[in-house]
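Student: Taken in sequence, the protein lines are chains B and W. The opening position of the first sequence corresponds to residue 1 in full-length UniProt numbering, with each subsequent residue numbered one higher. The opening position of the second sequence corresponds to residue 1 in full-length UniProt numbering, with each subsequent residue numbered one higher.
These aren't lab readings, by the way, just hints derived from the structure by calculation. Every residue, glycine too, gets a C-beta built ideally from N, C-alpha and C. Each hint should be verified, as a subset may be incorrect.
[Claimed, not checked] Some chain W residues flagged as far from chain B (calculated, every beta-carbon gap over 12 Å):
| no. | residue |
| --- | --- |
| 1 | 54 |
| 2 | 79 |
| 3 | 169 |
| 4 | 186 |
| 5 | 201 |
| 6 | 255 |
[To be verified] Restraint ranges, calculated between C-beta atoms of paired labels, are given here:
| no. | chain 1 | residue 1 | chain 2 | residue 2 | range |
| --- | --- | --- | --- | --- | --- |
| 7 | W | 230 | B | 48 | 27 to 33 Å |
| 8 | W | 170 | B | 5 | 26 to 32 Å |
| 9 | B | 46 | W | 31 | 27 to 33 Å |
| 10 | B | 73 | W | 109 | 21 to 27 Å |
| 11 | W | 193 | B | 37 | 34 to 40 Å |
| 12 | B | 36 | W | 227 | 41 to 47 Å |
| 13 | B | 48 | W | 113 | 23 to 29 Å |
| 14 | W | 43 | B | 50 | 21 to 27 Å |
| 15 | B | 109 | W | 56 | 46 to 52 Å |
| 16 | W | 230 | B | 5 | 22 to 28 Å |
| 17 | B | 18 | W | 219 | 17 to 23 Å |
| 18 | W | 231 | B | 73 | 30 to 36 Å |
| 19 | B | 18 | W | 43 | 29 to 35 Å |
Below are the chains, spelled out letter by letter.
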Amino acid sequence: MSVTEMFSYIQGFLSADQDVREDIRKVVQNLEQTAREILTLLQSVHQPSGFKEIPSKCAKARELFSNVRTQMAELKTKFPVEQYYRFHEHWRFVLQRLAFLAAFVVYLENETLVTREEVAQILGIEVVREKGFHLDVEDFLAGVLIMASEL
Amino acid sequence: MNKREGEGWSRRNVEAAQERDVHANPSSAVIAAFKVFQQELDSRHDKYERLVKISRDITIESKRAIFLLHRVTNVPNAEGVLNEAEGKLDGVRQKIGQIAEELRGEDIYQFHRAFTPGIQEYVEAISFLHYIRHRSLISLEEINARLVFMNTENSDPKGSAEAPPSGARVLTFQVTPADYLLGVADLTGELMRLCIGSVGNGDIDTPFQLSQFLRQIHDGFSYIGNTGPYEVSKKLHTLRQSLGKVEDACYTLRVRGSEIPKHMLADVFCSRTTHMDTEEGVV
């Protein structure tokens with residue numbers, strides 16, 4: 001293979017990679033928007049008036065989480081499942097936020113610490129890497145920590 | 001959040017969980033959950049560290065092979081040097097086999113940062129050897145074809161030509177196009193040194209071959225532009241400098257070569273290259 005052919009091949013590979021990342025970024029933007037909506041909803045509990053409305057806010061948050069599940073389902077289709085960590089950086093931040101929001105809702109509902117499995121269920125993803133798009137331990141813990149400071 | 005922070009945070013969480021004012025049962029469930037997290041994080045971190053160690057060994061051995069290969073112009077026994085270098089790289093390939101073993105069943109990208117330096121150094125070394133032998137650029141396919149490892153039940157090392165017994169496992173390691181690209185970028189620096197070195201030894205053909213070859217590689221990188229990983233842009237700058245030095249050497253040879261006795265050529269180039277280093281790189 002000549003030098004030119006080699007670089008041509010690599011360029012093809014790299015631009016295909018860039019296209020995938022573009023697609024992922026678009027879906028992640030939608031996820032971030034939903035996360036912001038849930039956050040705004042839940043942050044009102046810090047105010048004295050909001051405190052009494054906690055159950056209704058949690059219910060509303062749960063509804064918004066179904067949007068999250070839909071968007072997650074879309075995200076999963078954008079790349080081959082075994083390359084999760086190749087693109088992990090794109091959604092790490094928003095996933096941590098969502099883990100925090102899920103943990104916060106569960107806490108507001110029954111004052112317990114949410115489990116990894118519960119968060120995964122709320123977000124519509126797996127816990128174990130082999131099963132598919134999963135919640136990484138570190139991202140789950142980061143979410144819990146954000147909640148700790150929120151509390 | 002890097003791995004060390006993750007571990008520290010998980011331990012802090014264990015303590016925080018113990019201090020939290022909750023009922024006894026949920027509390028121990030939480031602590032148990034965190035113990036699981038801790039184990040997961042620890043084993044992941046340990047694997048990462050093992051891969052970093054292997055990567056370091058690969059880097060060292062590959063660099064030694066490269067230093068060895070630079071001597072090929074000075075020494076009458078070129079084939080001996082090449083074989084010795086090949087031997088060193090065989091050792092490196094075995095180490096890569098260890099990486100493949102560690103990565104079995106894992107997502108390779110999760111640990112990519114651990115071993116990418118070593119792999120880039122290996123690409124640099126193997127492509128250097130390939131150029132010296134064949135005056136061409138080794139392809140990614142050729143590199144990956146040699147990174148196939150057989151692992152039989154009786155731990156028979158790779159190299160068996162017959163059909164593998166039923167207990168054999170085949171492991172492969174695939175160098176990514178990005179790592180290949182970065183390794184080739186580093187290769188150009190070595191080629192530049194080879195050029196200057198060969199001129200010093202009175203070899204006036206190699207510089208011109210190298211000039212053409214480096215020009216092709218440079219054009220390849222220009223074609224890729226910003227599409228590649230960001231480190232490529234940094235290396236492109238160094239590549240242009242190397243190309244400049246090589247072309248300058250050829251220019252001097254062509255224009256002044258007939259006037260200068262061979263044994264003085266080396267001195268001429270030493271002074272020219274130091275002069276070039278002090279001025280701004282010209283694009």
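Student: Evaluate each hint against the coordinates.
Tutor: Quick rundown of the hints versus the structure:
{"no.": "1", "hint": "54", "in the structure": "holds, 19 Å"}
{"no.": "2", "hint": "79", "in the structure": "holds, 26 Å"}
{"no.": "3", "hint": "169", "in the structure": "holds, 19 Å"}
{"no.": "4", "hint": "186", "in the structure": "holds, 15 Å"}
{"no.": "5", "hint": "201", "in the structure": "holds, 26 Å"}
{"no.": "6", "hint": "255", "in the structure": "holds, 27 Å"}
{"no.": "7", "hint": "W:230 - B:48: 27 to 33 Å", "in the structure": "violated, 49 Å"}
{"no.": "8", "hint": "W:170 - B:5: 26 to 32 Å", "in the structure": "holds, 28 Å"}
{"no.": "9", "hint": "B:46 - W:31: 27 to 33 Å", "in the structure": "holds, 29 Å"}
{"no.": "10", "hint": "B:73 - W:109: 21 to 27 Å", "in the structure": "holds, 22 Å"}
{"no.": "11", "hint": "W:193 - B:37: 34 to 40 Å", "in the structure": "violated, 58 Å"}
{"no.": "12", "hint": "B:36 - W:227: 41 to 47 Å", "in the structure": "violated, 32 Å"}
{"no.": "13", "hint": "B:48 - W:113: 23 to 29 Å", "in the structure": "violated, 48 Å"}
{"no.": "14", "hint": "W:43 - B:50: 21 to 27 Å", "in the structure": "violated, 42 Å"}
{"no.": "15", "hint": "B:109 - W:56: 46 to 52 Å", "in the structure": "holds, 49 Å"}
{"no.": "16", "hint": "W:230 - B:5: 22 to 28 Å", "in the structure": "holds, 25 Å"}
{"no.": "17", "hint": "B:18 - W:219: 17 to 23 Å", "in the structure": "holds, 21 Å"}
{"no.": "18", "hint": "W:231 - B:73: 30 to 36 Å", "in the structure": "holds, 35 Å"}
{"no.": "19", "hint": "B:18 - W:43: 29 to 35 Å", "in the structure": "holds, 34 Å"}
In the structure shown, a violation is registered for the earlier hints numbered 7, 11, 12, 13 and 14, in ascending order.
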